Structure formats: structure tokens, C-alpha cells
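If you read the protein sequences in the order shown, they are chains F and X. For the first sequence, counting from 1, position 295 maps to 295 in my numbering; every step adds exactly one. For the second sequence, counting from 1, position 239 maps to 621 in my numbering; every step adds exactly one.
Among these hints, one or two may not hold up.
Claimed, not checked - Computed list of lysine-lysine pairs in DSS-like fashion (alpha-carbon distance at most 25 Å, straight line):
(1) F:K138 x X:K653
(2) X:K627 x F:K81
(3) F:K55 x F:K131
(4) F:K207 x F:K81
(5) X:K627 x F:K238
As the list claims (entries may be wrong) - Label pairs and their in silico Cβ distance ranges:
(6) F:E222 x X:P423: 27 to 33 Å
(7) X:P423 x F:K379: 56 to 62 Å
(8) X:R489 x F:H225: 25 to 31 Å
(9) X:G414 x F:E330: 50 to 56 Å
(10) X:R489 x F:P232: 32 to 38 Å
(11) F:R217 x X:A652: 48 to 54 Å
(12) F:R217 x X:R401: 31 to 37 Å
(13) X:R489 x F:E330: 42 to 48 Å
(14) F:E330 x X:G654: 34 to 40 Å
(15) F:E222 x X:E601: 33 to 39 Å
(16) F:G228 x X:E529: 28 to 34 Å
(17) X:V669 x F:L114: 51 to 57 Å
Quick caveat, the hints were computed from the structure, so don't treat them as lab data. In this text the structure is predicted, and so the values were computed from the model without any measurement. Each residue gets a CB set at the ideal place from its N, CA and C atoms; glycine is no exception.
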Amino acid sequence: MDLLEYQGKQLFAKHGLEISAGRAVTTVDDAVAAANELGYPVVVKAQVLIGGRGKAGGVKLASNEAEALEHATNILGLDIKGHIVHELWIEKASDIADEYYASILLDRSAKAPLLMFSVEGGIDIEEVAEKTPEKLVKLHIDPLDGITREQAVQVATQGGADADVIESVADILVALYDVWIKEDATLTEINPLIITPDRKAKALDAKVTLDNNALYRHPEAENFHVQGAVDPIEEKAKALGLQYVALDGDIGILGNGAGLAMSTLDVVAQAGGAPANFLDAAGGSNAAVIKTAVEVILSNPRVKAVLFNIFGGITRCDEVANGLLAAFAELETDIPFVVRLDGTNDLLGRKILEEAAIPNVHPAATMNEAAEKVVALAKERS
Amino acid sequence: MAILIDRDTRLAVAGITGREGSFHTLNNRTYGTNVVGGVTPGKGGQDVEGIPVFDSWADCAAGVQPNVAMIFVPPRFAADAILEAAAAGVALVICITEGIPAHDELRVYNILKRDFPGTRLVGPNCPGILSPGKANVGIIPAAFFKEGNVGVVSRSGTLTYQIGNEIAQRGFGNSSIVGIGGDPVPGSSFVDILALFEADPETELIVLSGEIGGSAEEEAAEFIAQNVTKPVIGYIAGFTAPPGKQMGHAGAIVSGSAGTAAAKAEALEAKGVRVGRTPTQVAEIAVEILGG
Chain F
1 MDLLEYQGKQ
11 LFAKHGLEIS
21 AGRAVTTVDD
31 AVAAANELGY
41 PVVVKAQVLI
51 GGRGKAGGVK
61 LASNEAEALE
71 HATNILGLDI
81 KGHIVHELWI
91 EKASDIADEY
101 YASILLDRSA
111 KAPLLMFSVE
121 GGIDIEEVAE
131 KTPEKLVKLH
141 IDPLDGITRE
151 QAVQVATQGG
161 ADADVIESVA
171 DILVALYDVW
181 IKEDATLTEI
191 NPLIITPDRK
201 AKALDAKVTL
211 DNNALYRHPE
221 AENFHVQGAV
231 DPIEEKAKAL
241 GLQYVALDGD
251 IGILGNGAGL
261 AMSTLDVVAQ
271 AGGAPANFLD
281 AAGGSNAAVI
291 KTAVEVILSN
301 PRVKAVLFNI
311 FGGITRCDEV
321 ANGLLAAFAE
331 LETDIPFVVR
341 LDGTNDLLGR
351 KILEEAAIPN
361 VHPAATMNEA
371 AEKVVALAKE
381 RS
Chain X
383 MAILIDRDTR
393 LAVAGITGRE
403 GSFHTLNNRT
413 YGTNVVGGVT
423 PGKGGQDVEG
433 IPVFDSWADC
443 AAGVQPNVAM
453 IFVPPRFAAD
463 AILEAAAAGV
473 ALVICITEGI
483 PAHDELRVYN
493 ILKRDFPGTR
503 LVGPNCPGIL
513 SPGKANVGII
523 PAAFFKEGNV
533 GVVSRSGTLT
543 YQIGNEIAQR
553 GFGNSSIVGI
563 GGDPVPGSSF
573 VDILALFEAD
583 PETELIVLSG
593 EIGGSAEEEA
603 AEFIAQNVTK
613 PVIGYIAGFT
623 APPGKQMGHA
633 GAIVSGSAGT
643 AAAKAEALEA
653 KGVRVGRTPT
663 QVAEIAVEIL
673 GG
């Protein structure tokens with residue numbers, strides 16, 4: 001779960017990180033009121049889950065009420081790489097002497113959190129890593145011991161932080177680890193981590209990703225809703241316990257199991273088709289789940305044909321077939337379905353579909369045959 | 383021979399009294415796996431179809447000496463169950479549970495490494511292990527597989543069935559099928575399992591089925607080049623996956639330019655591993671190598 005800047009900053013503040021005063025708002029009126037209350041100059045910042053906000057015109061300095069009004073009006077509703085701005089963060093402007101970078105991410109390969117620090121902040125850190133890797137200091141933290149103050153000081157020093165701010169930077173690094181570990185984050189990043197003229201380190205931005213599997217330990221994270229960030233069909237599917245990801249094509253896909261579903265997308269693409277979605281109906285798909293899945297897939301108006309690719313392990317093919325029949329009984333659709341059933345109770349499942357003889361249900365014997373069939377049917381209808 | 387589980391396996395199950403836990407435990411026993419016990423706190427002294435239930439792993443270990451633990455408890459209890467089984471001296475822990483917090487997995491991995499180096503963890507979020515004709519621990523539908531010389535290691539369950547079935551349809555069987563799971567911090571990596579298959583005399587060909595996210599496939603490629611003499615066929619799912627979207631598994635996500643299927647296939651091919659572009663192609667390459 002990715003958080004907006006101001007949501008991340010709430011978690012930062014909770015764990016003692018220095019941030020600037022600010023207000024999150026959703027209307028121009030509230031933006032101006034917040035700016036007046038905070039006192040000028042303020043920064044009007046678009047809250048979207050995508051980088052490059054500044055370049056896209058989503059971050060502007062306002063020195064007075066007229067400018068606050070102008071910027072809030074322009075930025076609300078702005079489209080930044082497909083992300084519409086629904087929220088603004090109005091923040092008291094900071095004086096900046098230096099821009100550093102700090103982050104902690106889950107290093108899957110090392111099975112440990114990785115702390116990174118650089119004095120080359122404010123720009124794309126992947127560029128720093130590529131062009132001047134010596135300017136990016138990395139240190140793995142033992143997740144059982146946590147970070148020590150000595151490690152934080154060592155990283156700040158090694159990274160070339162000015163001598164008079166090393167203690168202040170170390171404070172931030174220790175607090176950033178606190179956020180990472182206590183909030184079940186998989187990423188906490190500050191870019192830029194600024195040094196103010198009075199030589200204090202402060203988080204000017206916040207990028208935080210929380211672990212979805214750990215949200216039960218953080219009920220307050222429910223408030224971190226991001227309007228428009230999730231496709232409405234994805235949201236509906238999630239509420240019903242299905243893993244659905246919207247894609248750009250016109251062929252609806254259902255597979256049982258994430259790996260098989262992903263593989264099905266690939267095989268359809270290789271057959272010349274364009275998948276409209278990823279949908280994992282999960283291991284124990286019963287008839288009710290299948291019926292819901294059909295509704296979810298068909299709620300995308302671009303879908304011209306649908307492929308069901310089932311290899312039953314826990315999943316029983318007869319239940320899938322019955323679920324499909326139940327869905328067809330309720331939803332009147334002429335969209336063709338290609339159905340491939342293999343594995344547990346496959347013969348029974350195929351027989352159920354055969355006897356029902358629904359004109360727009362087309363059986364297929366193999367995954368490849370199913371992919372070719374569904375691509376051909378989608379082309380016929382476009 | 384096979385790897386990890388065989389006729390000497392003595393299985394005990396955490397969560398044996400749950401609906402899914404009891405169903406799959408009994409399935410495993412029907413297959414021929416020697417199921418010696420189960421653990422559910424508060425239900426010690428009961429039994430599941432004759433399998434004795436204990437309150438703790440310590441009691442279970444003292445009572446029936448299991449050498450393999452299967453974890454079937456809900457995500458919030460799974461980390462402790464794994465560590466408890468390890469503390470009781472169980473050498474192999476197979477965790478089926480899906481949805482365990484990444485930080486719990488991180489903690490478990492590092493505690494096992496530090497305090498219980500004698501315990502190997504496979505999973506979490508995996509379908510388990512099947513050694514056809516010998517033992518089945520987990521949820522792999524054993525009926526589709528027979529004994530043979532192809533070792534399979536995979537991050538995904540149903541995709542493994544698909545590939546295994548295509549190979550079986552062409553007349554070949556499996557030494558062992560190992561699901562390492564789709565989470566960000568698996569207990570065992572491709573590299574760990576490849577080393578076991580390399581040492582297993584029954585295994586003549588290894589199929590490695592990966593997917594987007596992380597760098598486990600790249601690390602496997604490096605390991606294969608240095609340490610594996612047996613032929614390896616690769617498969618990677620997720621060529622069409624868009625960046626930043628989690629494709630079902632918690633670990634299956636392309637972050638920036640890292641973790642793409644194309645990069646993984648290239649890494650494997652650069653080390654001489656043939657990569658099938660579809661499950662069918664994987665089976666065809668297997669036939670070519672083993673002689674159809």
C-alpha cells in the first residue's frame with residue numbers, strides 16, 4: 001500500500017521526524033484558508049502516487065493569497081502521468097541550504113532492511129546510483145538488532161554529510177528506521193532530506209509503502225485512503241476476496257493461482273491478443289467465487305471475449321463449471337467465453353458445460369488452444 | 383531418492399484441527415505420507431482420525447519425534463508456529479500459510495539462521511513438496527504426477543501443476559516438486575533447492591519456474607553457471623505484467639526496471655539455461671533433453 005506524501009509525513013511525525021507544518025485539503029477554498037492560517041510563503045503540493053510532480057507543475061510556491069488561490073486552482077484536477085490530483089498538501093515553505101537523500105527498503109536478496117544515504121538529494125536517486133555510485137552509501141541493518149546510533153552516525157559521515165549536521169542526520173536515520181519497523185513498511189524514503197540554514201535536518205518529502213499483509217496490526221492505516229488511486233473494478237474485486245489487476249486490452253482472463261494467471265496473460269499475448277485484466281480466482285474457487293469473478297470481468301466494458309484457464313488442484317473443475325452456469329443464469333451476456341478445464345474433476349466439469357450447451361461457451365482442450373481461440377473470437381468482435 | 387521428503391518423513395502439522403489443515407493432512411496420509419501428529423494449543427489429547435494432537439511442538443516432538451513440520455495456521459500465528467517447531471528440533475518446516483507480514487518473514491528467516499541453523503524452512507505461501515510415490519506434504523494434487531527423474535522448483539503452485547502435467551503427458555515423471563512460494567522473503571530460495579537437486583542421484587533434469595519480482599532467478603542463474611552440472615530448463619511468468627502492480631503473490635511485482643520477466647529470462651539464457659516461453663515449450667525442451 002503506497003501512501004501519499006502527507007500520509008507518510010503523519011507517520012514520520014508520529015515517530016519523531018522533523019517535518020514542516022501543513023494541511024491536507026481537497027478544495028480551493030480550504031487550500032487558501034490553510035495557506036492563510038499557516039502564513040506565507042507556503043508550498044502547494046499535489047498529492048498523487050507518482051514521482052515527477054514538480055516537473056509536471058504539481059508543486060508551486062505561493063507568497064500571498066492570490067498566488068495560493070491561483071496554484072490551488074491549477075493543480076487540483078491536474079493530470080500527472082495519468083494520476084488526477086484530488087488532494088493538496090499546503091505546507092509552510094522551508095529555507096534550504098542542502099538537499100540530501102535517505103531511504104530504507106526491504107532487500108529481498110539480503111533478507112534484511114537496506115539503509116541508503118546520499119548528499120546528492122532532490123534528484124532521481126536511481127540516477128545517482130548509476131552515475132556516481134560512490135555517492136550512495138548503503139548499509140544492511142540486522143532486523144533482529146535494529147539500527148544503532150553508531151551505525152547512523154557512520155552512514156551520515158561516510159556519505160559526506162557536513163560535520164555540523166551529522167548528529168541531526170543520524171537522528172533522522174534512526175527515526176526513519178523506527179517508522180520502517182514499527183509501521184510494517186517495506187519502503188520509507190525522504191527525498192529531499194533538507195538541511196536548513198540553521199543547520200537542522202528535516203524531511204521535505206515522504207514516500208512510504210506499507211505491507212498489505214500487516215495492515216491488521218495497523219487499523220489506523222484504513223484512513224490512508226487515496227481517491228482515484230485504485231481502479232473501481234479492482235476495489236470491487238478486492239472487497240470480494242479476488243486478486244484483480246486492470247490492464248489495457250480486450251480479453252478478460254481468469255486463472256486459478258497467481259502464477260498460472262500470469263502465465264495465461266503471457267500465452268494470450270503471444271497468440272496476438274491483449275489481456276484486459278489479471279484475475280487470480282485463488283486455490284479454493286467455489287461456484288460463488290466464480291460467479292463473482294465473471295461479474296467483475298464483465299464490468300469492464302472493453303472486454304470482448306473471456307478466457308477461463310483452470311488447472312484444478314484444490315479447485316474442483318465441476319465447481320467452476322457450476323459457477324459459470326450460475327453466472328450465465330443471472331447475467332445476460334453474448335460475450336464469448338473460452339473455457340479450459342484440467343485437473344481435479346475435469347471430466348465432470350466439462351460434462352456439465354457440454355450438457356448446458358450455452359452457445360457462447362467454447363471448450364478448449366489445452367492452454368495454447370484456449371489462447372488461440374479466445375484471440376480469434378475477440379478479433380471477430382472488434 | 384528424492385529431495386527433502388520421502389518414505390522416512392515423519393510429518394506433524396500445526397493447525398491440524400482446522401478445516402483446511404485436517405483436509406490436507408488426511409489427503410497427505412492417504413497418499414502414503416507418514417503423519418505422526420499435529421499441534422493445536424488447547425486441543426492436546428484429542429486426535430484427528432487417529433492422528434494424535436498435542437498442545438505444543440515440544441510435546442509433539444517428545445511424543446512422536448516428527449522430522450517434518452507443516453504449518454497450516456492463520457497468518458498472524460504462523461511465524462511463532464514456525465519458530466516453535468524449529469525450537470523443538472524439527473529439521474524441515476514447510477509453511478503453506480499465505481498472507482504473513484513481510485517483517486514476520488524477515489524475523490523468522492534471520493532467527494532461524496542465527497539460532498536454528500539445523501532447520502530448513504520451505505515457504506511460506508507455497509503449495510508444499512511432493513516426492514511422487516514416496517510422500518506428499520502440502521496441497522499439490524498428487525494424482526497428476528508420477529515417479530521419475532525431473533526435479534521441479536517453483537514460486538507458484540498451479541503453474542507448477544500446469545508444467546508438471548505437460549511433462550507427465552509426454553511420459554516423464556518427477557523426483558520431487560518443490561514450491562518455494564511467492565512471498566518476498568522465502569525460507570528457501572531457488573539456489574537452496576537447486577543444490578539439493580544437483581546432489582540427488584535420481585534427478586537428471588531440473589525445471590525452474592520463476593516469476594516477476596525480486597532477483598531470485600538472477601541469483602539462480604549465477605549459481606547454475608558455477609555449481610549445477612545437470613541440465614536446467616527455465617520458465618518465467620509475467621512478461622505482460624505492468625510495473626508497480628502486484629500480480630497476486632506478494633512477491634510478484636515489478637519495481638521500477640527491476641524484476642521484469644525479460645531481465646530474468648535473459649539472465650538465465652546468458653548462463654546457458656534454456657528458457658521456455660510457454661509451459662508447453664518447457665515440456666517440449668524437456669523431451670528434447672531426455673529423449674522422447
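Going down the list of hints, with the structure as the test:
1. F:K138 x X:K653: violated (28 Å)
2. X:K627 x F:K81: Judged against 25 Å, a Cα distance of about 16 Å means the pair holds.
3. F:K55 x F:K131: Holds - the C-alpha atoms of K131 of chain F and K55 of chain F are around 21 Å apart, at most 25 Å.
4. F:K207 x F:K81: Distance of about 18 Å is within 25 Å: holds.
5. X:K627 x F:K238: Within the cut-off at roughly 14 Å; holds.
6. F:E222 x X:P423: 27 to 33 Å: holds (30 Å)
7. X:P423 x F:K379: 56 to 62 Å: Hint holds: Cβ distance 58 Å, inside 56 to 62 Å.
8. X:R489 x F:H225: 25 to 31 Å: Once the Cβ atoms are compared, 29 Å apart, the range 25 to 31 Å for H225 of chain F and R489 of chain X holds.
9. X:G414 x F:E330: 50 to 56 Å: violated (44 Å)
10. X:R489 x F:P232: 32 to 38 Å: 36 Å Cβ-Cβ, so the 32 to 38 Å window holds.
11. F:R217 x X:A652: 48 to 54 Å: Given a distance of about 42 Å, which is not inside 48 to 54 Å, the answer is violated.
12. F:R217 x X:R401: 31 to 37 Å: violated (25 Å)
13. X:R489 x F:E330: 42 to 48 Å: With a Cβ separation near 46 Å, R489 of chain X and E330 of chain F satisfy 42 to 48 Å, so the hint holds.
14. F:E330 x X:G654: 34 to 40 Å: Violated, since E330 of chain F and G654 of chain X (Cβ atoms, about 53 Å apart) do not stay within the stated range.
15. F:E222 x X:E601: 33 to 39 Å: Holds, at about 37 Å.
16. F:G228 x X:E529: 28 to 34 Å: violated (54 Å)
17. X:V669 x F:L114: 51 to 57 Å: Once the Cβ atoms are compared, 43 Å apart, the range 51 to 57 Å for L114 of chain F and V669 of chain X is violated.
This entry does not satisfy hints 1, 9, 11, 12, 14, 16 and 17, going by the numbered hints stated previously.
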